[in-house]
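Could you build the full structure based on these sequences and the hints that come with them?
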Amino acid sequence: MIPLVTLTDLEIRRDGRAVISHAALTLRAGEKLAIVGPNGAGKTTLLRAIVGLERASAGRVTLFGETCGTEAAFRKGRRRIGFLFQDSDDQLFCPSVVEDVAFGPLNLGASEEAAREVALEALAALGLAHLAERFTHKLSGGEKRLVCLAGLFAMRPDVLLLDEPTNGIDAENGARLRAALAGFAGAMILVSHDDGFVSEFASRAMVLREGVLRAAEIHSHPHFHAHPHIHPV
Amino acid sequence: MRFAPADLRPRLGAGGLVLVLIAPLARPGPALVALALVLALYALEGRALPWRRLIHLEAFLALLFLTLPFTVPGTALLRLGPLALTDAGLARTLTLAAKVTASVLLLSALFADTAPEHLGGAMRAARLPEPLVRIFLGLVRYLALIRAEMARAQEAMRARAFHPGTNRHSWRAFGWLIGRMLMRALARADRVEEAMRLRSYTGRLPRPLLPPVGAADHARALALCAPFLAILIWELAR
Numbered sequence: 000m001i002p003l004v005t006l007t008d009l010e011i012r013r014d015g016r017a018v019i020s021h022a023a024l025t026l027r028a029g030e031k032l033a034i035v036g037p038n039g040a041g042k043t044t045l046l047r048a049i050v051g052l053e054r055a056s057a058g059r060v061t062l063f064g065e066t067c068g069t070e071a072a073f074r075k076g077r078r079r080i081g082f083l084f085q086d087s088d089d090q091l092f093c094p095s096v097v098e099d100v101a102f103g104p105l106n107l108g109a110s111e112e113a114a115r116e117v118a119l120e121a122l123a124a125l126g127l128a129h130l131a132e133r134f135t136h137k138l139s140g141g142e143k144r145l146v147c148l149a150g151l152f153a154m155r156p157d158v159l160l161l162d163e164p165t166n167g168i169d170a171e172n173g174a175r176l177r178a179a180l181a182g183f184a185g186a187m188i189l190v191s192h193d194d195g196f197v198s199e200f201a202s203r204a205m206v207l208r209e210g211v212l213r214a215a216e217i218h219s220h221p222h223f224h225a226h227p228h229i230h231p232v
Numbered sequence: 000m001r002f003a004p005a006d007l008r009p010r011l012g013a014g015g016l017v018l019v020l021i022a023p024l025a026r027p028g029p030a031l032v033a034l035a036l037v038l039a040l041y042a043l044e045g046r047a048l049p050w051r052r053l054i055h056l057e058a059f060l061a062l063l064f065l066t067l068p069f070t071v072p073g074t075a076l077l078r079l080g081p082l083a084l085t086d087a088g089l090a091r092t093l094t095l096a097a098k099v100t101a102s103v104l105l106l107s108a109l110f111a112d113t114a115p116e117h118l119g120g121a122m123r124a125a126r127l128p129e130p131l132v133r134i135f136l137g138l139v140r141y142l143a144l145i146r147a148e149m150a151r152a153q154e155a156m157r158a159r160a161f162h163p164g165t166n167r168h169s170w171r172a173f174g175w176l177i178g179r180m181l182m183r184a185l186a187r188a189d190r191v192e193e194a195m196r197l198r199s200y201t202g203r204l205p206r207p208l209l210p211p212v213g214a215a216d217h218a219r220a221l222a223l224c225a226p227f228l229a230i231l232i233w234e235l236a237r
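If you read the protein sequences in the order shown, they are chains A and B. Take numbering that gives the first Met the number 0: the final residue in the first sequence is number 232, and no numbers are missing along the way. Take numbering that gives the first Met the number 0: the final residue in the second sequence is number 237, and no numbers are missing along the way.
What the hints contain is simulated information worked out from the structure, not anything from laboratory work. None of these values were measured; they are calculated from a predicted model. C-beta atoms are modelled at their ideal positions from N, C-alpha and C, and glycine is treated no differently. Take the hints with a grain of salt, since some may be wrong.
[What the hints assert, rightly or not] These stretches of chain A come out as covered by chain B in the derived footprint (C-beta under 8 Å, 3 or more residues):
id	stretch
1	71-80
2	97-108
3	130-139
[Said to hold, decoys possible] To give a feel for the contact side, a few chain A residues facing chain B, derived at Cβ under 10 Å:
id	residue
4	50
5	51
6	86
7	88
8	89
9	93
[Stated by the list, open to error] Here are some of the chain B residues that sit facing chain A, going by a computed Cβ distance under 10 Å:
id	residue
10	144
11	197
12	201
Dropping the structure here:
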């Protein structure tokens, strides 16, 4: 079976300096790949390179078996890839929730009615049906993230790219986000500092440090462990 | 009782048309009648006058009152040293003030209670140019964010004991603040554009599904425009 995403010897330069060098990565159907590394290591850049927002100065990006070099080629690949941004406000630009979720299906050629239908379905699947007619800028941070995810699911992606998905999300919405992602059958690449989240979802991990990508292993070991909790009295 | 069409599309159309009908009025008589009509609309709908909005507007008009009557050539009515108040100047000032006030009051009556997001949808449904609609919706969507960013930045400045004054340091600080806001807004615009591209955007935003405009709303829109058309005909028939 052809891999969904392949990076071959990828190099990305910014201001004359290589921020990613000789990166190689293969994502196969159903795989959940975590990319971890310190701040500024180039994790977001790597995700951006996969969808062609960042162009490689050397190496290749192959999406669904086709080598992508031009915007047109990337555009084709992007139809099957959902990218969840770090800042949800960047992703929600339509006035109302249902319009925003319908944005993708409309771009894929659905009629107005069909797009609305798909959008409402995607919202209902994440338990967000009650938000449909709300204005996007009046949602809470957690709700915004979930609506973004509904917008991606509405396009029925084969691959999800998640950039710090649990950042700035409260426990309750975090649980809903996890539940939604657990129900996603496709492949995903997730970039996260949240170790709990990574170990829950990832089937494989890689470490990105100073622009160099290396295979890593996920293991868990028992700890005697205590942490503070806050409960209402 | 409501005179404005309930549906936003005919309301938008009628409002725009009335503004176009008011714009060419050049005599105080028709302009004042137009103003009286708008005020009558307020009275009939039992609507309070938006004094706050009017005060903002009249502050600009005050400048007009101070300069225009003295600068338009005509028969002098009153002399103040080298300045002469002319009849033509007075008439021009009165006309302008009545037109501007009537227009603002009308727009306020039609759209003050409308959520801007809905107005954007109506603009799109009315098939106004896509870039115009997009700019309007973008403004509505991101204004709150930009405001919050500005407020946070100013709080951060105050938290570090910044106290604005009339001095170089304050001006420079405000310069940086504005520069930073612009840079951040530009960066956000780039990210939003990328997010749109990632979801296969090709230049079309979703158009909300709206039922066709009802006959009653068509009638209301016509009724709103007709008297102003009559005023324009009176103006042109002198």
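(message) Just to be careful: measuring from the Cβ of residue 86/A to every Cβ in chain B, is the smallest value less than 10 Å?
(response) holds (7 Å)
(request) Against chain A, run the beta carbon of residue 144/B and see if the smallest gap drops under 10 Å. (result) holds (6 Å)
(message) Please check whether the stretch 130-139 of chain A has three or more residues whose CB lies within less than 8 Å of a CB on chain B.
(response) It holds: at least three residues are needed, and the stretch 130-139 of chain A offers 3 whose Cβ sits within less than 8 Å of chain B.
(message) Quick check on residue 50/A please, does its C-beta sit within 10 Å of some C-beta on chain B?
(response) holds (6 Å)
(message) Please check whether residue 197/B passes as an interface residue: C-beta within 10 Å of a C-beta belonging to chain A.
(response) Hint on residue 197/B: holds, closest Cβ of chain A at ~5 Å, below 10 Å.
(message) Tell me if the interface restraint on residue 51/A is satisfied: Cβ within less than 10 Å of some Cβ in chain B.
(response) Given a least distance of 9 Å, the restraint on residue 51/A holds.
(request) Verify the interface restraint on residue 201/B: the C-beta must sit less than 10 Å from at least one C-beta of chain A. (result) Given a least distance of 6 Å, the restraint on residue 201/B holds.
(message) Given a cut of 10 Å on the nearest C-beta pair, is the interface hint for residue 89/A held or broken against chain B?
(response) holds (4 Å)
(message) Taking 8 Å as the Cβ threshold, is the statement that the stretch 97-108 of chain A is covered by chain B upheld or broken by the three-residue rule?
(response) It holds, with 7 qualifying residues against the three required.
(message) Is the interface hint satisfied for residue 93/A? The criterion is a beta-carbon contact with chain B at less than 10 Å.
(response) Since chain B brings a Cβ to about 7 Å from residue 93/A, closer than 10 Å, the hint holds.
(message) Would the hint on residue 88/A be counted as holding, given a Cβ-Cβ threshold of 10 Å to chain B?
(response) holds (6 Å)
(message) If you count the residues of the stretch 71-80 of chain A with a beta-carbon closer than 8 Å to a beta-carbon of chain B, do you get 3 or more?
(response) Holds: 4 residues of the stretch 71-80 of chain A have a Cβ under 8 Å from chain B.
The structure is consistent with each of the numbered hints, conforming to all of them.
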